[in-house]
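*Asks:* Protein chains in written order, with the working numbering: chain D, 1 to 319; chain W, 320 to 489; chain H, 490 to 987.
I should point out that these hints are in silico values taken from the structure, not numbers from a laboratory.
Note that the structure is predicted; figures quoted are calculated from it, not measured.
Virtual Cβ for every residue (Gly too), placed ideally from N, Cα, C.
Careful: at least some of the hints might be erroneous.
List of simulated lysine to aspartate or glutamate pairs, EDC-like, C-alpha gap at most 20 Å [to be verified]:
id : chain 1 : residue 1 : chain 2 : residue 2
1  : H       : 590       : H       : 503
2  : D       : 133       : D       : 239
3  : D       : 313       : W       : 363
4  : H       : 628       : D       : 196
5  : W       : 330       : H       : 916
6  : D       : 265       : D       : 93
7  : W       : 415       : W       : 363
8  : D       : 80        : W       : 440
9  : W       : 486       : D       : 137
10 : H       : 628       : D       : 181
11 : D       : 313       : H       : 841
12 : W       : 401       : W       : 329
13 : W       : 336       : W       : 416
14 : W       : 418       : H       : 954
15 : D       : 80        : D       : 58
16 : H       : 628       : D       : 129
17 : D       : 102       : D       : 311
18 : D       : 315       : W       : 363
19 : W       : 418       : W       : 363
20 : D       : 102       : H       : 916
21 : D       : 280       : D       : 267
22 : W       : 423       : H       : 778
23 : D       : 265       : D       : 82
24 : W       : 331       : H       : 916
25 : H       : 974       : H       : 675
26 : W       : 423       : H       : 916
27 : W       : 336       : H       : 675
28 : H       : 981       : W       : 329
29 : W       : 396       : H       : 675
30 : H       : 984       : W       : 329
31 : D       : 143       : D       : 196
32 : W       : 423       : W       : 462
33 : W       : 486       : D       : 25
34 : W       : 418       : H       : 675
35 : D       : 78        : W       : 462
36 : H       : 628       : H       : 954
Just some of the chain W residues that point at chain H, by a computed CB distance under 8 Å [unchecked claim]:
id : residue
37 : 335
38 : 337
39 : 346
40 : 347
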Amino acid sequence: MRILILGMFFIFSTLSSFVFAAYPEKAIRVIVPYKAGGGTDSIARGFVGAFSKAAGVDVVITNVNGGAGSKGIIQVMKSKPDGYTLLLTGSTDMIGLSTFRKMPFKAIGSLKTVGGIYTTPTYVLAHKDRGYKSLEEVIAKSKANPGTLIAGIGGKFGAHDVLANAVNGYKNAGFRIVAYDGGAMLKKATIANEVDICIIHSPVLLNEVKAGLLNVIGTGGSLAKITYPPIQNTKTLRDMGVPADVGVTRGLWAPKGTPKEVIQKLEKFIAAAANSAEFKKFGNNFGFAPKYYTSSQFLDLLNLEQGVYNDIKGKFMSK
Amino acid sequence: MLTADKTKKEKKSDIIKDILIGFVILIISVGAFFTYNPAGSSLDMGTDGMNFATYPLGVATLLTVLGLIYLANSFLKFFALKENYNFFNYFFQSIKDNKSLYLKRVNTVILLIIYALFLGEINFLLLTSTFLFLGFFLYDRRDYALMLVLSALGGSFSYALFVYFLKLPI
Amino acid sequence: MFEGLMGGFANCFEPFNLLLLFLGTFLGLLVGALPGLSSPMAIIILLPVTYSLQPLPALLTMIGVYVGTKLGGSFSAILLRTPGTPAGACTALDGFPMAEKGQSGLALGYATYSSFFGGVTSWIIAVTCIPFISGIALKSSNADIALIAIMGLVMVSAFTRGSMLKGFIGVCIGLLIGSMGMDRTDAIERFTFGSLDLLSGVPFAAALVGLFGFAVVISDLSLMKSTSELVTTKFKIELPSTFDFLKRWKAWSIGGFFGSIIGAVPGVGADGATWLSYGTVKNNSKNPEDFGKGEPDGVVAPETANNATTGGTMVPMLTLGIPGDASTAIMIGALYLHGLQPGVTLMKTGAEVVYGMLAGLLLAGVFMFVIAMGAIRFFVYVLRQHRSILFPFVMVFATMGAFASYNEYFPVYVAIFLGVFGFLMEERGFPVVTIVLGVILGPIIEYNTRVALQVANADWTTFIDTWPRIIMIGIIAFLVFNEVKQGLLRRKLSKQKL
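Extracted from the complex, chain D is given alone in its bound form:
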């Protein structure tokens, strides 16, 4: 009996290797669960050229932006697990959706991680006219007058919100958190000096930092790979005693049940694409050098970030 089962297993795995040996044979569709023109979409479009070269087939991006980003995720979940439909989105975007809302999926476990391609921490900016040199300085000022200083974020229940609440919670900072409807609105408010601090994913507004209009005063993760050396050693939240790493890693997922052989091939393609000169050039132009995570490294990262979200939500955002 044991021999029969082992034999069947051997035959099946050989057969599936044979069946998927030719993968990919047609275009791969990458679903981005946001509208075209946003940060994730731009990174995805910067990536697919290299991905397509590595895979040897066309890679087409489809924006499926309903349900606050959940519809695209659900569409991939329901797709055939044959390696021809993938999801590209941010790690904490997935985590935010499943942590703060009732979703028919979990950030970890509902889809198969394939790899991470681009990590950017969430950082804290202030207009030069405010004169702030560090986040500690702003926190001290806010503590002295709670509710008077404004922390602008790009939307509720995302990484920006988590960072703002982590600072408010652990440091008792007393910021008034104002949620703008997306990065573009927050960008405008920051350049117009309408907020005391701006919490946004790096490297958005990096040009304005380079031009001296804005100062980077804190960050939710290391800025060592940002393409502007003067800010690479910015103090992180952990350096300030806030036990949280906040940022976003754009990565790829495949439907659960995608054969191992296909996942292995995808990992190879994605590694090649993420480390390619073409994507590195795009990344450097965008503001950050790309960083590649294998499937298991990406899963570990997701677990870490989920832990942070659960911690901050449980302590400071449970209302």
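Let chain D serve as the given structure and place chains W and H on it in line with the hints.
*Replies:* Same frame as chain D, but now just chains W and H:
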């Protein structure tokens, strides 16, 4: 036409439709008070002195008031008219008199729903060509040769535009 | 600045760049003319196609599409009453009645002249007053945007004929529809009935396609057998002359002014400018009762405003990296993909591309005018076919337009539902345009009012903190008084008639 002014005197059969629409408006406005918070979220006020419910419930309140005025107005007009009127007689007579038009309208909606249901399930070129052909047939065309040609051309053009060029994931 | 611009023109006149600009404009006009399709869709498709090109030719192609769709959307609005954009919905108010009266050539001609004029005006203002336009974009705070949107909403009675009560009911229904989904400030879901599909609210393109496209088809089935002026055997297309257009100076100057200035305000630009200019022109007209029945000024004003916003949206995009609408947001992404960095430094680090794009904006307007004037007869010929042929095609394009809004099937069902709902409301005299107005402006008013108050710590005096805001409040108060007065006068006149 859709946008023509009504200058002729209204009959009870017209006003009954206003009354029905009035009830629909009230169902929408009053219904808003029961459906504004499907996730049972907290109603804590934000730093702006409002919460997520302030604006839609404010609008719903205004709509309720306007809806009541509209309904009251319609009832007053209805009872002011000295006209013999039986709703069911009128309803069935109206359907009888305009059977073709009503059928076309209902069938248009049904055809659209069927088209939407089969989008993505059946080959787009075939589905669209069939839809076009059925549409021409529904609108009383009987020049079958032209209908077939237009359906095939229309289906092909739509496929080329939406699937090939715009790469919609149908 | 001048040298930079001359250099930009020189680059644009390179044969390959000129060809791409022309093709982009042609494509934009075509895509915009198909009911339900929009500029962002066409630009997204071009992105991978342009990867192999140098930055300037790639972006010139996109600018051509952007400018072309502005007018193209009006073609479907005028000929089929199925606009692809909110701005086109305004043009349909008088454009479609003109087409029904057999004046489709005139309507399209006025739209083309107005779009060209609006584009040129805003270009001149944009290039000569870049700091001013950037300043408007930057300094217009949430309170300002809320007040502009409220001004647009108050003009609702400009779009109601007969019953103001029905107009306000329509607006309220539109405001409620617009509030479905997650609210933009607290991200808490409203009226979703537990459905994930409604979490992002009612897809706007689906609402437009349903309320205008499907509702028109269902309604106009009653005309299937009668011959309309659109379908006569001896058909002559009359186009307006340049002099005819120039005579309507009030309409195009108001449209040009609103479009150029308000167009620079991110988040409200094109939508707000077209409705405000239409309402203003109507209120100041000697024959306001003709609006909505085929008054050419009702086409000239919104069309001028619509294209006059192009300069206003491009300048903040190029000088600040702030997108004014969905199309410019995609163009910002395209800048990154082509190795440029949008933001405050782009005018220095990417000067050649910036000036090339600004030059291309003007040239695209010229191409748009030439192509459109030549294509009017073709469009009218195709679209004057019998309704029994046209309507199935309209339904296919409208369905796909709704689908393409999210690349999902749910918006199609929304469009069908709203089509039936819109038809029933219009039958009873509720102008569907008021519902659309509520759907467009409601979210803008709520979001900007709330953020303005959050920033001001719930201090309502923020709305009278600056002179522009005080002036806008004054205008709103005047408009309200005027609308009530006009409404009472209309009621008095109609009672006298009876």
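*Asks:* Going through the earlier hints one by one, which of them does the structure break, listed in rising order?
*Replies:* 1, 6, 7, 9, 11, 14, 19, 20, 22, 25, 27, 29, 34, 35, 37, 39
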